[in-house]
Each structure stands twice: as structure tokens, then as C-alpha cells.
Amino acid sequence: MKRKCETCTHYKCFINKYCSPEWKPLISFHKTSMLYPAGATIFSAGDPIKGIFQIYSGKIKVVTIDGGKEQIIRLAKEEQLLGHRGIGKKMIYPVTAIALEDSEVTFIPVDVFYSAVKANSEFAFHMMLFYADELNAAERRMKLTAGLKAKEKVIVALMTIIRAFGFSSTDTTLLKYTPTRKDIASLAGTTYETMIRALSSLEKSNIIVQEGKAIRVLDLAYLEKHCSLD
Amino acid sequence: MNCNSCTNKRCPINMYCLPNWLEYTQKTKSTLYLTKNHSIFKAGELVRGIYILCSGKAKVMMEKEKCNVEIIRLAGSGQVLGHRGFSEKMVYPISAKTLNESEIASISNEDFFKLVRENKDLAIYMMMFFADELLMSEQTFQIYGTQTSRAKVAYTLVLVINAFRYADHNTKQIDFGLSLHELATFAKVSYSAFSRVLAKFVEEGLLVKKTWKYYVADEAALSNLAGVEIK
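Chains as they are written, first to last, in my numbering: chain V, 1 to 230; chain S, 1 to 231.
Extracted from the complex, chain V is given alone in its bound form:
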């Protein structure tokens, strides 16, 4: 399946937003698209970098695996870039990307990506700012993992999910996408049991409601106020 960049309606996509009209057919020509079922690995830590990925549809988690323990460091959805970590001197992925649900991901070879960045100054400029934001987010996350209590870590994880995927368009307090409880624990950097206890405690205080696998947020202001990520 190959979609054309020149007719794409994903206006937040960096290629669509910042590349000149002449460049879009060229990128379309070189890119390839792949469907990944939920749970499939898009790339693994240690693999050589051959290009950059753009998510067309679906949801992806980016994880580091240390001693068998998985830590989610980013949640990404459609119109976002993937695989940018590691582009640089070593050209080896430091992280692994796994599809959370069925996802369509476009691959752009690294030489085409570099040429596009070189030829489109706005693209280069916004890629720089994107990396700057990623650097800030990474350092905030690393700063956090040291000093937070379990409940605070779970609040940060919930806010990360809300900021990544938002709320359902029909039911505005229900999370649009709730990762598995195991993934919420990986995102919070706590054990599964600790995360379950923290969710129950938030539920008792009427901050959230657990509706089966889904989570409904009753008091977003409380989560925002207690989210140390900001």
C-alpha cells in the first residue's frame, strides 16, 4: 500500500507541512509503507539505522529493555516521526519500537531523508526544534524517575497517555486509548502491583474510574496539578 505525500491530508506530518511541493513526489517515490499488527516490532535496539519512520495510522510504544525489564520512553501516534533517536554519529537504534495496535508505518531511506532536510530549510529548522523538545522531554523524564513516589509516577504516566492520545471524541472523559496495565507500569517505571495499587487509590479519591480495561478521568485538573512532568 503506497500513499502519495502530494495528496496526503495529514497536515501535522513534518514532510507534508515543511517540504516544498517539488519534494513530495520524490519522497513518495522512495518511501515504502508497511502494516504492523499489534505487538509487532518495527525496529529493535542495536539494529543499524537505514531510515526514518513516519506513522500513518495506529499507535506505537518506544521502549528500552534493560536486563529484561521494559521501560516505555515514548508513546507515538499517526502523523508523528519514529526512529529519530540514534540518527547521528553511531546510526544504531538505541531503542525498540513496538506497535500497540494495528499500525501503518511509512519508511523513508536515510539518504532521502538527509537530502530532504538539506533542501528544505523549514523542515531542517523544525526537525531541530523537534529534537530539542525530545531532549527536554527525555531529561524531564530522567530527572523524575529518581525522586517520585509511586502514585506520582502513575499520575505522570496517565498524563503522558492523555497528552499522547487524548480523550475519546464521543465520550470526553474516557481515554481514547488505554494501554494495557503492564504497559502503564512500564511507562510509570513501577512494578505491576504498585501501579494497580496507585490506580485503585486514585479511583477511591474519585480522580479516575476503571471501566474494565478502559480508564475514565473524572478530575483532570487534579492530575494536571500533581503531574511533576511540567
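Hints are computed from structural coordinates only; laboratory data are not their basis. Don't take each hint at face value.
[What the hints assert, rightly or not] Calculated pairs, DSSO-like style, for lysine-lysine (alpha carbon to alpha carbon, straight line, at most 27 angstroms):
#	chain 1	residue 1	chain 2	residue 2
1	V	K50	S	K231
2	V	K118	S	K120
3	V	K89	S	K172
4	V	K17	V	K176
5	V	K90	S	K209
6	V	K89	S	K231
7	V	K89	S	K209
8	S	K120	V	K69
9	V	K118	S	K172
10	S	K114	V	K118
11	V	K143	S	K188
12	S	K172	V	K90
13	V	K149	S	K188
14	S	K188	V	K90
15	V	K89	S	K120
16	S	K114	V	K12
17	S	K231	V	K118
Starting from the known structure of chain V, arrange chain S on it as the hints suggest.
Only chain S this time, still in chain V's reference frame:
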């Protein structure tokens, strides 16, 4: 330092801007001459622009918890400072201080963005620079959190060399810039552990010590142990 005649090959402005933009930078930048231990910017301040260390040394610090300030980066001549402030909020998440007398060029946000937009090579360099900083930051966190004292000290030494270069390139004398106490804090090991590992490195032939000065004897082994290249 005059941008038109600058010979600093580490400065991205000098290396990647076209001559007319060097002239523009020379006219629009402001130059700060700061003494040792002088604040360049503080966490929480609004980002006014980007800084280039024309000469001197600086340390970048992050407040982890109250009363616990950690050095997260060292910067030497020609390197960029304050780039961590570029985010949606445009507020510095970190503070920077000089380690010795330094000459610092300050380029306003507006002028810096203009330079990046108009000089393709600078835009690519800055993108790759941020990409490397991101990678390095996560690697640092992992090394300091999980590795042995040996790996932490080797990694710290490579960061020092990459920031400050050698005091003498021929003899490969390390230009520490910081006291060994501060370096031990940077390496997240105790001072006694830091000294012990340095002594062990001398014994193993990685370093040579002569009258309180340290020289790198085996770059490849040090770099291998640190997991980072010496640039």
C-alpha cells in the same frame, strides 16, 4: 573574537554559516567577558538566545531535587550553550556557570533562528547536534545508573576530553577543568572511588600520571571502556 576572522573550527556558526552571515553575526551578537564561577543563565529564566563559548570552559547543571544540583554537561571553546532551553516554553531547565575566565557570544533567538533558516549546513548541523545530545543524555543516564565505577570514571574522562580537548595534544594531557572532587560528583562515584579507579587506570597503562597531571596512554582502551568515542 571577530566572527569574520575567527579560526575556531568547533564553532558551528564559524563552520556552517556563509561569509555574509558571519558578518551579520559579528554585527548583531553581544559578547560577554565573564570571570570564573560566573552564572551565564539560570534554570527558570526565559530563553533570550543561544550562547557560544568563544573561549573558556563552562558547566551545565540540573537541579534534581531541592539542594541536589548535578553537573550534566561540560562545554569547552567553540561549543554551544543554552540549547536545552529551546522548547515550547522557552524556559531554561538548567543553569550554566563558567569554570574559568570565558568569552561568550550571545546570539538572540531571532538572529539564531534566522541563521538556521538561511544556512542549510547550520540547520543540518544543529539537527544532528540535538540528535547527538538526546542520545548522549540517555546514554549518560543509563551509564551513571547501572554501570561499574570503572565504566563511570572512563565515561567521565571521555566527556571531559571531548568538552575541553587535551591541554596538550601531543602529550595527551587531560585538561580536567574541574577539581577531582567535582569530577567524582559528575561521575556519580565517591571521591575515594574516583581516585582508586584513576590509580587503577594508571596501573593498567590506560593513563600515565606525572606530577599530578594525567595523560592518556591508551585512547582506544579508554574509549572502549567508556562506550563513547574520543572526538
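Verification of the supplied hints:
1. K50(V) x K231(S): It holds: about 24 angstroms lies between the C-alpha atoms, which stays within 27 angstroms.
2. K118(V) x K120(S): Holds, at roughly 6 angstroms.
3. K89(V) x K172(S): Holds, at roughly 24 angstroms.
4. K17(V) x K176(V): 25 angstroms, holds
5. K90(V) x K209(S): 32 angstroms, violated
6. K89(V) x K231(S): Measuring from Cα to Cα gives roughly 11 angstroms; hence the hint holds.
7. K89(V) x K209(S): Roughly 32 angstroms between the alpha carbons, so the hint for K89(V) and K209(S) is violated.
8. K120(S) x K69(V): 41 angstroms, violated
9. K118(V) x K172(S): Judged against 27 angstroms, a Cα distance of about 36 angstroms means the pair is violated.
10. K114(S) x K118(V): 16 angstroms, holds
11. K143(V) x K188(S): 14 angstroms, holds
12. K172(S) x K90(V): Answer holds: K172(S) to K90(V) is near 25 angstroms, not above 27 angstroms.
13. K149(V) x K188(S): 22 angstroms, holds
14. K188(S) x K90(V): With Cα atoms ~25 angstroms apart, K188(S) and K90(V) stay inside 27 angstroms; holds.
15. K89(V) x K120(S): Measuring from Cα to Cα gives roughly 19 angstroms; hence the hint holds.
16. K114(S) x K12(V): Between K114(S) and K12(V) the Cα gap is close to 23 angstroms, so the pair holds against 27 angstroms.
17. K231(S) x K118(V): 24 angstroms, holds
When held up to the earlier numbered hints, the structure conflicts with 5, 7, 8 and 9 and fits the remainder.
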